[in-house]
Amino acid sequence: MPERFREDLCEPDRKELAEGPAYRFELDRRDWISSIGAGLLVSAAGKVVFSPGGASAQVRPSQRLHLGEDGSITVLTGKVEFGQGSRTEILQAAAEELRVSPDALQVVLADTAETPNDGSTAGSRTTPSTIPVVRRASAAARELLVRTAAEAWNLDASELRVEAGAVVGAGNRLSYADLARSKGPESTVDDNVPRGVPLTEVPDWTVLGQTLPKVGARAIVTGAHRYPCDIVRPNMLYGAVLRPPSYGAQLESVDLAPGQELGAVAVRDGEFVGCAAKTSYEARKALESISETARWRTVAHPPSEGLGTYLKRHAQPSAGGRRGARRREHGDVDGALAAAQTVESSYEIPYVQHAPLEPRAAVAEWDEGRLTVWTGTQRPFGVREQLAEAFRLSADQARVVVPDTGGGFGGKHTGEVAVEAARLARAAGRPVSLRWTREEEFAWAYFRPAAAFEVRAGLSEEKIVAWDFTAYNPGTAAIETPYAVPNVRTQYFPCDSPLREGSYRGIGATGNNYAREVFMDELAGVAGLDPLEFRLANLDDGRLSAVLRAAADRFAWSASKSSGRNRGSGIAAGFEKGSYIAICAQVRVEGGSVEVERLVSAFDCGTILNPGNLRAQIEGCVIQGLGAALTEEIRFAGGKLLNGSFAQYPLPRFRSTPPMETVLLNRPDIPSAGAGETPIIAVAPALANAVFAATGQRMRSLPLRASAA
Amino acid sequence: MARFTVQVNGNRLAVESPPDRPLLDVLREDFGLTGTKYGCGEGQCRACTVLVDGQPTASCLTPISSVDGTSVTTIEGLASGDQLTALQQAFIDMDGAQCGYCTAGMIVEATALLKRNRKPSRSEIVDAMNPHLCRCCGYRNILASVELAARRWEASDA
Numbered sequence: 004m005p006e007r008f009r010e011d012l013c014e015p016d017r018k019e020l021a022e023g024p025a026y027r028f029e030l031d032r033r034d035w036i037s038s039i040g041a042g043l044l045v046s047a048a049g050k051v052v053f054s055p056g057g058a059s060a061q062v063r064p065s066q067r068l069h070l071g072e073d074g075s076i077t078v079l080t081g082k083v084e085f086g087q088g089s090r091t092e093i094l095q096a097a098a099e100e101l102r103v104s105p106d107a108l109q110v111v112l113a114d115t116a117e118t119p120n121d122g123s124t125a126g127s128r129t130t131p132s133t134i135p136v137v138r139r140a141s142a143a144a145r146e147l148l149v150r151t152a153a154e155a156w157n158l159d160a161s162e163l164r165v166e167a168g169a170v171v172g173a174g175n176r177l178s179y180a181d182l183a184r185s186k187g188p189e190s191t192v193d194d195n196v197p198r199g200v201p202l203t204e205v206p207d208w209t210v211l212g213q214t215l216p217k218v219g220a221r222a223i224v225t226g227a228h229r230y231p232c233d234i235v236r237p238n239m240l241y242g243a244v245l246r247p248p249s250y251g252a253q254l255e256s257v258d259l260a261p262g263q264e265l266g267a268v269a270v271r272d273g274e275f276v277g278c279a280a281k282t283s284y285e286a287r288k289a290l291e292s293i294s295e296t297a298r299w300r301t302v303a304h305p306p307s308e309g310l311g312t313y314l315k316r317h318a319q320p321s322a323g324g325r326r327g328a329r330r331r332e333h334g335d336v337d338g339a340l341a342a343a344q345t346v347e348s349s350y351e352i353p354y355v356q357h358a359p360l361e362p363r364a365a366v367a368e369w370d371e372g373r374l375t376v377w378t379g380t381q382r383p384f385g386v387r388e389q390l391a392e393a394f395r396l397s398a399d400q401a402r403v404v405v406p407d408t409g410g411g412f413g414g415k416h417t418g419e420v421a422v423e424a425a426r427l428a429r430a431a432g433r434p435v436s437l438r439w440t441r442e443e444e445f446a447w448a449y450f451r452p453a454a455a456f457e458v459r460a461g462l463s464e465e466k467i468v469a470w471d472f473t474a475y476n477p478g479t480a481a482i483e484t485p486y487a488v489p490n491v492r493t494q495y496f497p498c499d500s501p502l503r504e505g506s507y508r509g510i511g512a513t514g515n516n517y518a519r520e521v522f523m524d525e526l527a528g529v530a531g532l533d534p535l536e537f538r539l540a541n542l543d544d545g546r547l548s549a550v551l552r553a554a555a556d557r558f559a560w561s562a563s564k565s566s567g568r569n570r571g572s573g574i575a576a577g578f579e580k581g582s583y584i585a586i587c588a589q590v591r592v593e594g595g596s597v598e599v600e601r602l603v604s605a606f607d608c609g610t611i612l613n614p615g616n617l618r619a620q621i622e623g624c625v626i627q628g629l630g631a632a633l634t635e636e637i638r639f640a641g642g643k644l645l646n647g648s649f650a651q652y653p654l655p656r657f658r659s660t661p662p663m664e665t666v667l668l669n670r671p672d673i674p675s676a677g678a679g680e681t682p683i684i685a686v687a688p689a690l691a692n693a694v695f696a697a698t699g700q701r702m703r704s705l706p707l708r709a710s711a712a
Numbered sequence: 179m180a181r182f183t184v185q186v187n188g189n190r191l192a193v194e195s196p197p198d199r200p201l202l203d204v205l206r207e208d209f210g211l212t213g214t215k216y217g218c219g220e221g222q223c224r225a226c227t228v229l230v231d232g233q234p235t236a237s238c239l240t241p242i243s244s245v246d247g248t249s250v251t252t253i254e255g256l257a258s259g260d261q262l263t264a265l266q267q268a269f270i271d272m273d274g275a276q277c278g279y280c281t282a283g284m285i286v287e288a289t290a291l292l293k294r295n296r297k298p299s300r301s302e303i304v305d306a307m308n309p310h311l312c313r314c315c316g317y318r319n320i321l322a323s324v325e326l327a328a329r330r331w332e333a334s335d336a
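Chains as they are written, first to last, in the working numbering: chain A, 4 to 712; chain B, 179 to 336.
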């Protein structure tokens, strides 16, 4: 990886969403009624606990790993499982270093009362950050086991080996359970945790590096797994929340009585209006009756038509801070441009929706002023803060538990549904389950940012000598070109966004890499070079060149030139979050539609931890990217979405899945980077470039709108 | 309110309900069968698919009154005790679930498909499954799961 990217690897995208609570509650004290039902918490048993070198200063020493006297071993992390495979890979990491069978381990994820704060599950950070922490803790536990045994048996540690959860040597055996029974209280053990224990070398891996069946798969295929929307508490009600008729509309008046007459609990607290009833049907009916009485003050709101122009006009070049504008420059860009053959172009991308199949859902329960919320969020500790702030609680009075959840893709960083469920539960004095409708999820979640781009470059024969890239609103991920250009200026401006926006798979990298890689194709055309050759000629990053070559080889890129009319092949590559993707695609344009006939991806994320899961992540990410490339675009006018439903917002389906191949480039010499996001960034530009090859039409906005020649 | 009786996974269950309440809500909230999922409420994602008298049906669009006296099978009703069906096992073996939220609908749909067509071609599987959304876009592993189950089923017949 070129040195110039190290800084970006550590900086979250400026569009990565982290915000405060959605409501300012008055919290009428008459609401307080103690709820029914005891807490669920069962503490992980066991005395011996380790946390050497936690990911965060907030990690308590006793929170990483529990060895039970009963032989149970529990790994704890604050990460969440949304389908990306974190649970399985964390299990593998612990099993590898502890030298136990994966079947002997439990993994507890994302419970603010039980697990360490490992930050948000975002930015592809679980693999590079959390896996090593789990490995270090597990290796330290193994080392303590060995040292304890060596001391007890008066043997040298080198004569001992750990296998199947126990250390053995000279006819003796000591298991982790024996260790747990033999040690004193946690605090004394914490002090004795060995530091700096070497991790198992990649060639010696027996559990990591393998494909393991997904942990929890049996509960999924039998319907037994409880997603956030499936949690049931004693005496629980179901909720429904009133939404404004349009963006920015303010509630002037509302009458709760019609809902109450239907037997529902109804509450208004500032802008918040909601109902809770014995069934979700009754809650919806009550809410509808209340909704009919609501009076709103609406405000003007720009339409999606002309959005790119709107964003440029509403750029905020002076915005500072973590989410502000950014400008980087090295070399003499203007001088180099003046001396070179210049090419310029502009691009646009729309808002798109994550549309996780499980909409936002939460179950909230109050017990003696303490709040527990089960909800699907990628930021459990952030949502705990939101709850604490909204309800004026201390952090230890609010607990967030994240059951393995039905998809997120960056779209579930926020806790609005948790706050809403908790407000309803407080009003009802009973637990409340709240699940957003699909319509709510489309309109009131947030969107992948829309963006516009202006790009200029200077060419000297086949070399790019100057690069001037201005991005309006996409975010900053992958904004720097990975190509070797001596004079580079990169500017990022956040814009006044008509819609609420935030994280997404790759966030800013989706737009930045789309604009860059389509422009690279345009430059290749001006330079008179094959798009692959042109890229390779301008690269000094061997790993990016390697994925390009690997994809091109498998695709038979050089043989694909002679495509027929309206059929063509395109290539694109990208680097983000420490991993590398290249995609070759062949498309056929028929009428106004683009059919992907074949797609080859090559991917390098360093050492492969679980090839099956990696392949699934890449393929799912690429297919999800087909939607954003070909069909997805949020349209709005008058403050309302025009296509906020699955019927109106086409997403990839079985039939839209092309024949595809995935080449995995394993690099056991390089630490593992995350893989769930980067593959998406090469999809749209590869298809756009293929459409150009097929029709001669440059695709400078998404979704691609091609017409057959 | 009226009383409706449904044979659910072999058990005769009754509910007092408004007639237009969706079967999905009754299954989840009255019968405690949360394996069947809400995805969109408009029959576009089919996460809520159950079998009504053997036919794959979007339970979100099915009023409880319309299934009075029928037999309904949900994801919870497929396995016999600990014995998974060939499809359930194949979804484990082929990594057919990422987040798994669509999986119940997928397996129920595929169960009906394999019942009426023991040797479906790939395109027949795609046609049957296409109404189902998987937002993780794990379509390839889902297809592989259904194909594996069909092959195993065929092998066990031979």
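These are computed hints drawn from the structure, not numbers from a lab. One or more of the hints may lead you astray.
Said to hold, decoys possible - In silico lysine to aspartate or glutamate, EDC-like type, Cα no more than 20 Å apart, as pairs:
1. 293/B x 231/B
2. 281/A x 254/B
3. 281/A x 198/B
4. 281/A x 194/B
Said to hold, decoys possible - Derived Cβ-Cβ restraints for the label pairs, each shown as a range:
5. 181/B x 106/A: 42 to 48 Å
6. 674/A x 301/B: 56 to 62 Å
7. 191/B x 208/A: 47 to 53 Å
To be verified - Far from chain A by the CB rule (all over 10 Å, computed), these chain B residues:
8. 188
9. 191
10. 214
11. 230
12. 232
13. 239
14. 298
15. 332
For every residue, glycine included, the Cβ atom is placed at its ideal position computed from N, Cα and C.
Evaluated hints:
Among the hinted pairs, residue 293/B with residue 231/B is consistent with the structure: their alpha-carbon atoms are about 13 Å apart, no more than 20 Å. Between residue 281/A and residue 254/B the alpha-carbon distance is near 24 Å, which puts this suggested pair outside the 20 Å criterion. Using a Cα cut-off of 20 Å, the hinted pair residue 281/A and residue 198/B holds, with the two alpha carbons roughly 16 Å apart. For a cut-off of 20 Å, the pair hint linking residue 281/A to residue 194/B stands: about 13 Å separates their Cα positions.
Evaluation of the 42 to 48 Å hint for residue 181/B and residue 106/A yields a pass: the beta carbon distance comes to about 47 Å. Between residue 674/A and residue 301/B the Cβ separation comes to about 43 Å, which falls outside the hinted range of 56 to 62 Å. Taken as a hint, the range 47 to 53 Å holds for the pair residue 191/B and residue 208/A, whose Cβ atoms sit roughly 50 Å apart. Residue-level check passed: residue 188/B sits 15 Å from the nearest beta carbon of chain A, beyond 10 Å.
No Cβ of chain A approaches the Cβ of residue 191/B within 10 Å, the least distance being about 15 Å, so the stated non-interface status holds. For residue 214/B, the non-interface assignment is contradicted: its Cβ lies about 7 Å from the closest Cβ of chain A, within the 10 Å cut-off. No beta-carbon of chain A is positioned within 10 Å of the beta-carbon of residue 230/B; the least distance is around 17 Å. Consistency note on residue 232/B: stated as away from chain A, and its beta-carbon is indeed over 10 Å from all of that chain's, at 18 Å minimum.
Separation of residue 239/B from chain A is adequate, the least Cβ-Cβ distance of about 12 Å exceeding the 10 Å criterion. At roughly 13 Å from the closest C-beta of chain A, the C-beta of residue 298/B stays outside 10 Å, upholding its exclusion from the interface. Against chain A, the non-interface label of residue 332/B holds: every CB pair exceeds 10 Å, the least being about 21 Å.
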